[in-house]
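Okay, here's what each chain looks like letter by letter:
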Amino acid sequence: MTSSANRACAPKSIAILNSQSPFKELAKEALDVALMFGSFEQAVSLFFSGEGVRQLVAGQQLDSLGMKNFLATFAALKFYDIENIYVCQHSLTVRSLSNNFHIDFVQLLNQAEFSAKLHAHQIIYRF
Amino acid sequence: MAKNKLAVLVTSKPTSNTTHTAIKAIEGAIATNNIEVIGVFFYHDGVCCANQQMQIPSDEFQPLVHWQQLHLTHHIPLHLCITAAEKRGLTDEPSTCNIAPEFTVSGLGQLVELTSQADRVLHL
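One line per chain: the protein sequences are L and W, in this order.
The first sequence begins at 1 in this note's numbering and counts up by one.
The second sequence begins at 1001 in this note's numbering and counts up by one.
Hints are not guaranteed to be accurate.
Claimed, not checked - Straight-line C-alpha distance at most 35 Å; calculated DSBU-like pairs for lysine-lysine: (1) W:1024 / L:12; (2) L:28 / W:1013; (3) L:28 / W:1005.
In short, the hints are calculated from the structure, not lab data.
Take these sequences, add in the hints, and give me the full structure.
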């Protein structure tokens, strides 16, 4: 009985996989989830692939589309000890995007590394 | 033996096939008798599942009826992120409340709690 209680309460590694462009509502709500896990001191890592890589690209102007510039909030990640941030190099390459990001600590991974790192987490939420 | 604990995160629209899949997965989990569904958390467009005023044509799948049944028959807690819900026209103001009573008004902290308690998490 105690073993199952311990198993359930043991800290889990959580991955938040971002696959949508910053122009989608989901992108902002995914960031809110990451910050909430961070504020509860859970081990959370952020992954960006597909259109999601656009969330990291510097110099975007969401306000020009009438959106709140939630990308500015990414700067707060380090205060929540969220420093494992991974981006899929292939997704950047096929979109002709450079690795000029608006936050630090971003780690570029090839597809195999990205997949291996993602699957090293116990829980994956995909947004 | 202790049952495996399953938590479910629903971010799909109520009329989406993935919401249907979530409901079927939960019903399947209950039927196995060795999985305990510790709660469902509704976030993003998934919050619209709680809207009592949503009118889906009667010959189509009725997600709200199924969620209500899961709660009333199997006592599955249904947690609603109120921030995401209010953004989509839901309200728990007594005079204008349109949230089905089977849903518990909640916040993202509840998702953290469900995640830490669960052995497995399903996100649709």
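Hint check:
1. W:1024 / L:12: Since the Cα atoms of residue 1024 of chain W and residue 12 of chain L sit roughly 26 Å apart, the hinted pair holds (cutoff 35 Å).
2. L:28 / W:1013: holds (17 Å)
3. L:28 / W:1005: holds (29 Å)
When the structure is compared with the earlier hints, no violation turns up for any of them.
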